[in-house]
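*Asks:* Sequence:
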Amino acid sequence: MRRHDNVIVTLATQRSGTKFLGTALGNGERVASFGEVFQPGRPAPSFGRFFARHLAGRESFAFSGPEMFECLDAFFAELHEAAAGRAFVHVDVMYNNLGALTPIWARPMSDPHDNFLLNYFKSRGMVLLHLLRRDLADCYASHVIAESRGIYHTGDDRANAEAVSVTLDAAAAVAYLHPILKARRYVRRALAGYPRALEVEYPGFIAGPTVAPELAERLGALLRLPGEARAGLFGASPLRPTASDKARMVTNYEEIRRLAAELERLVADD
130 MRRHDNVIVT LATQRSGTKF LGTALGNGER VASFGEVFQP GRPAPSFGRF FARHLAGRES
190 FAFSGPEMFE CLDAFFAELH EAAAGRAFVH VDVMYNNLGA LTPIWARPMS DPHDNFLLNY
250 FKSRGMVLLH LLRRDLADCY ASHVIAESRG IYHTGDDRAN AEAVSVTLDA AAAVAYLHPI
310 LKARRYVRRA LAGYPRALEV EYPGFIAGPT VAPELAERLG ALLRLPGEAR AGLFGASPLR
370 PTASDKARMV TNYEEIRRLA AELERLVADD
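When we follow my numbering, the leftmost residue of the sequence shown carries the number 130, and every step to the right adds one.
Hints are computed from structural coordinates only; laboratory data are not their basis. Careful, some of the hints might be misleading.
Stated by the list, open to error - In the BS3-like style, the derived pairs of lysine-lysine whose C-alpha atoms are separated by at most 25 Å in a straight line are:
id	residue 1	residue 2
1	K148	K311
2	K251	K311
3	K148	K251
What you are looking at is a predicted structure, and each value in this text was computed from that prediction instead of being measured.
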């Protein structure tokens, strides 16, 4: 069985600091970060473009489990080739990617331990970073503010200071946050007992323009790097918050925060 234990996968929902973490890794000394490789329509390197080439010239592809594992192995091998000599490869996998690539003969995956992608990652020994945004009101507000301004990622500190005022719709907040909470619980259960998993909280891992030394130490240990090599894992990210003071920008922020807390309790009791 092929190993890809020099691959780092971030598992998260959108608006959870994945781009900051990925750019900081990519600007360090050891990791080539490729972002959301399973995102449809993105430029190379991407799984969609790779898969089209992978199928070219074949008379048939049965979408069996072994074939899909073989396909993913070849894709990650290609990412390593594109890594320009760096020892590690990093990709982002969003919660809403986790139903993807399930083999054709598969029942609905209600059990987290049956998830095809997560089982593939674990079987190959990959390091899995589960990135959480604890403040769900902030998460939803960030989504709405980004949509309303058309600014999703920025290196411009002035964007953070731009005046904007929004009122969040409570029903829309529930529709957005409830699936995130269920997916978070799902991933936690799937990773329970896996020794190369690490839960990381956003924005707590950020230290100025880079990542806190504590995370570099913990990640370096999972990657089996010697102590002196861990400091070079992360460089500076060019990204800055697009709206750090969301409580000021959102007129009904406390209402959404209370709603998010109630949703967390409901999902925990489910």
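*Asks:* Would you mind marking each hint as holding or not holding in the structure?
*Replies:* Comparing the hints with the structure gives:
1. K148 - K311: Satisfied, since the Cα-Cα distance of roughly 22 Å is no more than 25 Å.
2. K251 - K311: Roughly 21 Å between the alpha carbons, so the hint for K251 and K311 holds.
3. K148 - K251: Satisfied, since the Cα-Cα distance of roughly 23 Å is no more than 25 Å.
In summary, this structure violates none of the numbered hints.
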